[in-house]
Amino acid sequence: WLTLSEVGVVGAKLLYPNGSIQHAGVMVMPGLFTPEHLFHGLRNDEPGYQWLPHRLRNVSAVTGACVLTRTALFHEVGGFDEEHLPVQFNDIDYCLRVIARGLRIVYEPAAALYHRTSASRAGQYDYREVMHFLAKYRDLVDPYVSPHVEPLSMLTAMPVLKRGS
Numbered sequence: 001w002l003t004l005s006e007v008g009v010v011g012a013k014l015l016y017p018n019g020s021i022q023h024a025g026v027m028v029m030p031g032l033f034t035p036e037h038l039f040h041g042l043r044n045d046e047p048g049y050q051w052l053p054h055r056l057r058n059v060s061a062v063t064g065a066c067v068l069t070r071t072a073l074f075h076e077v078g079g080f081d082e083e084h085l086p087v088q089f090n091d092i093d094y095c096l097r098v099i100a101r102g103l104r105i106v107y108e109p110a111a112a113l114y115h116r117t118s119a120s121r122a123g124q125y126d127y128r129e130v131m132h133f134l135a136k137y138r139d140l141v142d143p144y145v146s147p148h149v150e151p152l153s154m155l156t157a158m159p160v161l162k163r164g165s
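If you number the sequence shown the way our numbering does, the last residue is 165 and the count never jumps.
Calculated from the structure, these hints are not laboratory results.
Among these hints, one or two may not hold up.
What follows is a set of in silico ranges between Cβ atoms, one per label pair, in the way DEER data are often shown [to be verified]:
hint	residue 1	residue 2	range
1	Ser5	Gly79	17 to 23 Å
2	Gly164	Pro47	24 to 30 Å
3	Arg128	Arg43	31 to 37 Å
4	Val160	Leu134	22 to 28 Å
5	Ser5	Ala110	37 to 43 Å
6	Met158	Ala110	20 to 26 Å
7	Pro17	Gly102	36 to 42 Å
8	Gly19	Ala72	33 to 39 Å
Simulated pairs of lysine to aspartate or glutamate, EDC-like, Cα-Cα distance not exceeding 20 Å [as the list claims (entries may be wrong)]:
hint	residue 1	residue 2
9	Lys162	Glu150
10	Lys162	Glu36
11	Lys136	Asp81
12	Lys136	Asp126
13	Lys162	Glu82
14	Lys136	Glu83
15	Lys136	Glu108
16	Lys162	Asp142
17	Lys136	Glu36
All values reported here derive from a predicted model rather than from experimental measurement.
Backbone N, C-alpha and C fix where the C-beta goes; we use that ideal spot for every residue, glycine too.
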């Protein structure tokens with residue numbers, strides 16, 4: 001996918017050691033406190049909503065735990081923001097800056113790996129990073145999530161429509 005000039009980042013499906021999904025793309029919505037991994041915790045043998053955990057698709061971001069991008073592009077957009085986001089959300093921020101350059105972020109479920117999420121971080125959580133990210137992207141609306149769906153329900157096997165939709 002990275003050989004296509006319009007693609008800037010490709011991310012893999014990540015599974016927990018028990019086989020459930022840890023990452024199947026990332027959703028960034030103003031109604032959420034922080035970006036969330038889609039279908040997190042869903043068993044890998046479950047279809048999920050419209051088979052999305054198992055389908056190649058465009059997403060707003062992928063986790064940096066396993067990401068493919070061009071070195072030149074990485075440097076061109078400033079790489080990871082080590083000053084404001086040294087631990088959290090630097091991968092999501094990078095993807096959103098790549099999208100701002102007019103390139104796509106692709107989730108490739110055929111590339112599936114086992115991953116222990118944040119094992120190297122030892123539980124670090126910095127509210128300054130959270131607040132910086134939220135301030136920077138407070139008006140962002142994820143184009144890959146329907147405005148008619150309750151955002152948090154996209155983390156489950158069956159999204160729920162908002163009332164009145």
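Against the structure, the hints come out as follows:
1. Ser5 with Gly79: 17 to 23 Å: 20 Å, holds
2. Gly164 with Pro47: 24 to 30 Å: At 28 Å between Cβs, range holds.
3. Arg128 with Arg43: 31 to 37 Å: 36 Å Cβ-Cβ, so the 31 to 37 Å window holds.
4. Val160 with Leu134: 22 to 28 Å: The hint (22 to 28 Å, Cβ to Cβ) holds, given that valine 160 and leucine 134 are roughly 24 Å apart.
5. Ser5 with Ala110: 37 to 43 Å: 21 Å, violated
6. Met158 with Ala110: 20 to 26 Å: The hint (20 to 26 Å, Cβ to Cβ) holds, given that methionine 158 and alanine 110 are roughly 24 Å apart.
7. Pro17 with Gly102: 36 to 42 Å: At 38 Å between Cβs, range holds.
8. Gly19 with Ala72: 33 to 39 Å: 37 Å, holds
9. Lys162 with Glu150: Between lysine 162 and glutamate 150 the Cα gap is close to 5 Å, so the pair holds against 20 Å.
10. Lys162 with Glu36: Holds, because 19 Å separates the two Cα atoms, which is no more than 20 Å.
11. Lys136 with Asp81: 12 Å, holds
12. Lys136 with Asp126: 16 Å, holds
13. Lys162 with Glu82: Judged against 20 Å, a Cα distance of about 37 Å means the pair is violated.
14. Lys136 with Glu83: 14 Å, holds
15. Lys136 with Glu108: Distance of about 27 Å is beyond 20 Å: violated.
16. Lys162 with Asp142: Status holds; Cα separation ~16 Å.
17. Lys136 with Glu36: 16 Å, holds
Checked against the numbered hints above, the structure violates hints 5, 13 and 15; every other hint is satisfied.
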